[in-house]
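J.: Turn these sequences into a full structure, and let the hints guide you.
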Amino acid sequence: MWDKIIPVLPEMKLALWQTFYMVTVSVILGVILGTLVGTLLYLTREGSLLKLPAFNLILNAFVNIFRSVPFLLLTIAIIPFTRLIVGTAIGTTAAIVPMTISCIPYFARLIESTFLEVNRGVIEAAESMGANRFQLVWKVLYSEARAGIANNITIVTVSFISYSTIVGIVGGGGIGDFAIRYGYNRYETEIMMITILIIIVIVQIVQSVGNLVVKKLDKRI
Amino acid sequence: MINIRNVNKKFQTPDGEFDAVSSVSLDINEGDIYGVIGFSGAGKSTLLRMINLLEQPDSGEISVDGENMLSMSRKQLLQKRKSIGMIFQHFNLLTNRTVLDNVSFPLELAGASRTERKERALECLKTVDLLDKVNAYPATLSGGQKQRVAIARAITTQPKVLLCDEPTSAVDPQTKETILDYLKTINEALGITIVIVTHEMNVVNKICNKVAVMEQGKVVETFNLEENKDIKPRSVISKILFNESKESIQKGDVYVG
Ligand SMILES: Nc1ncnc2c1ncn2[C@@H]1O[C@H](COP(=O)(O)OP(=O)(O)OP(=O)(O)O)[C@@H](O)[C@H]1O
Ligand SMILES: [Mg+2]
Numbered sequence: 015m016w017d018k019i020i021p022v023l024p025e026m027k028l029a030l031w032q033t034f035y036m037v038t039v040s041v042i043l044g045v046i047l048g049t050l051v052g053t054l055l056y057l058t059r060e061g062s063l064l065k066l067p068a069f070n071l072i073l074n075a076f077v078n079i080f081r082s083v084p085f086l087l088l089t090i091a092i093i094p095f096t097r098l099i100v101g102t103a104i105g106t107t108a109a110i111v112p113m114t115i116s117c118i119p120y121f122a123r124l125i126e127s128t129f130l131e132v133n134r135g136v137i138e139a140a141e142s143m144g145a146n147r148f149q150l151v152w153k154v155l156y157s158e159a160r161a162g163i164a165n166n167i168t169i170v171t172v173s174f175i176s177y178s179t180i181v182g183i184v185g186g187g188g189i190g191d192f193a194i195r196y197g198y199n200r201y202e203t204e205i206m207m208i209t210i211l212i213i214i215v216i217v218q219i220v221q222s223v224g225n226l227v228v229k230k231l232d233k234r235i
Numbered sequence: 008m009i010n011i012r013n014v015n016k017k018f019q020t021p022d023g024e025f026d027a028v029s030s031v032s033l034d035i036n037e038g039d040i041y042g043v044i045g046f047s048g049a050g051k052s053t054l055l056r057m058i059n060l061l062e063q064p065d066s067g068e069i070s071v072d073g074e075n076m077l078s079m080s081r082k083q084l085l086q087k088r089k090s091i092g093m094i095f096q097h098f099n100l101l102t103n104r105t106v107l108d109n110v111s112f113p114l115e116l117a118g119a120s121r122t123e124r125k126e127r128a129l130e131c132l133k134t135v136d137l138l139d140k141v142n143a144y145p146a147t148l149s150g151g152q153k154q155r156v157a158i159a160r161a162i163t164t165q166p167k168v169l170l171c172d173e174p175t176s177a178v179d180p181q182t183k184e185t186i187l188d189y190l191k192t193i194n195e196a197l198g199i200t201i202v203i204v205t206h207e208m209n210v211v212n213k214i215c216n217k218v219a220v221m222e223q224g225k226v227v228e229t230f231n232l233e234e235n236k237d238i239k240p241r242s243v244i245s246k247i248l249f250n251e252s253k254e255s256i257q258k259g260d261v262y263v264g
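Quick note, the sequences are listed as chains D and L, same order. Start counting the first sequence at 15; every next residue gets the next number (this note's numbering). Start counting the second sequence at 8; every next residue gets the next number (this note's numbering).
None of these hints come from the bench; they were simulated from the model. Treat the hints with care, since some could be wrong.
Quick list of simulated restraints, FRET-style, between CB atoms [said to hold, decoys possible]:
#  : chain 1 : residue 1 : chain 2 : residue 2 : range
1  : D       : Phe76     : L       : Asn75     : 38 to 46 angstroms
2  : L       : Asp188    : D       : Ser62     : 48 to 56 angstroms
3  : L       : Asn75     : D       : Ile72     : 32 to 40 angstroms
4  : D       : Phe76     : L       : Ser90     : 41 to 49 angstroms
5  : D       : Lys230    : L       : Lys17     : 40 to 48 angstroms
6  : D       : Ile72     : L       : Thr192    : 50 to 58 angstroms
7  : L       : Lys17     : D       : Leu226    : 44 to 52 angstroms
8  : L       : Asn75     : D       : Thr38     : 52 to 60 angstroms
9  : D       : Ser62     : L       : Asp65     : 18 to 26 angstroms
10 : D       : Asn225    : L       : Leu84     : 40 to 48 angstroms
The beta carbon of each residue, even a glycine, is placed where N, CA and C say it ideally should be.
T.: Structure below.
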């Protein structure tokens, strides 16, 4: 077995690096922008802090549209946009664009539901102390939701390790593409298995670290 | 200190409009511990929440310490709220902050320095005898301790008024006595005017000097409990409330008054 693996090790290392690069950048961008969208979704709801039902309706529609396009189709459909942003539609950096676009509405929904679980009474108590809207969001909402936010980040990271295997289609590379090239195209089943094993281990590590962080942040119990 | 004139509040419900508070007028003087009593749904919380404009009245006038609450800009209102503390039935402490950080939170919002915040928070925690819980998180405290933290938090900005919404309804009878004692203490020692919403007559008997009885959004009667030692309730609801409390006193109920 090792005789088959050792020659492809450099390529595997590169593929792992590509996956790390794509997932990290798209999750960081997706989390930041998704938090913004999710916060707006939460705040503009009927009965929330900034009642803007019309805006909420439109934003909701946008989020739903992007949530409903399957990732593979989204990757292809936004190729012109990707080219506009990074200059090319092919390659690892280009693959970050559809991943980020897909991460934003996903994370926005997750974080919106986390916000909805925050005790309204606590927000109200801060309002009674004269907190302004910025303070209510920054010091109360985000602080109360922080364990849930960490949990959401873990969820999207795991999802996007999986999504990253699809962007081989636009030359994104990565560990998934590597597995397909060897395991499927060249019938090197062992390499495929090893790669899957590596992905499982990576996901386990991400999940465990995530759980640890959530536990550390959560003071509710 | 608090003057409420002809205040109205309707809510839109699936079955149409609902009058939660209708033409209520009350005058609460400096130093009062003013009770607002009534059964569930009478509009007590809505009335209380209109004092610091957590709920916007549809019409009427509200002034606190001589300032008209309804003609203020939003900025002025946020500033004004710092002089009106509030505590709640379910405490509403920030779960991810320690007791100390909860109590210093209002000062943090006001932009006070770290040392100033800590000094003042410790002072307030001393008032409620919780100096041993400074670094604990709310989840590890008992209900009574949580409410004491909430009281400490409500007085850090040295408010003139403290609004209390059923502050003793989620704690056991013994703890209730303690909480009420602390409220009495801050009323006397710090000269804070207190408005306390409750559905229990024994709360009124224990600490209030005045009480308003509410039913279906209206104040049906008010009583000055200091002057008239012999209270003669006229309305049915007041009779029920006062007689209940008298009976339980006669029965020697330890938790009453
Ligand atoms: N945001 C709201 N929307 C619709 N109806 C409301 C709203 N808030 C309160 N109400 C209604 O107004 C009435 C008065 O409510 P309020 O909370 O003031 O009563 P309460 O006297 O404090 O009762 P409780 O003792 O149960 O707390 C209730 O019938 C309630 O259902
Ligand atoms: Mg109430």
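J.: Give a verdict on every hint.
T.: Do the hints match the structure? See the list:
no.	hint	in the structure
1	D:Phe76 / L:Asn75: 38 to 46 angstroms	43 angstroms, holds
2	L:Asp188 / D:Ser62: 48 to 56 angstroms	38 angstroms, violated
3	L:Asn75 / D:Ile72: 32 to 40 angstroms	38 angstroms, holds
4	D:Phe76 / L:Ser90: 41 to 49 angstroms	43 angstroms, holds
5	D:Lys230 / L:Lys17: 40 to 48 angstroms	47 angstroms, holds
6	D:Ile72 / L:Thr192: 50 to 58 angstroms	53 angstroms, holds
7	L:Lys17 / D:Leu226: 44 to 52 angstroms	50 angstroms, holds
8	L:Asn75 / D:Thr38: 52 to 60 angstroms	55 angstroms, holds
9	D:Ser62 / L:Asp65: 18 to 26 angstroms	21 angstroms, holds
10	D:Asn225 / L:Leu84: 40 to 48 angstroms	43 angstroms, holds
In summary, the structure is inconsistent with hint 2 from the numbered list given earlier, while agreeing with all the others.
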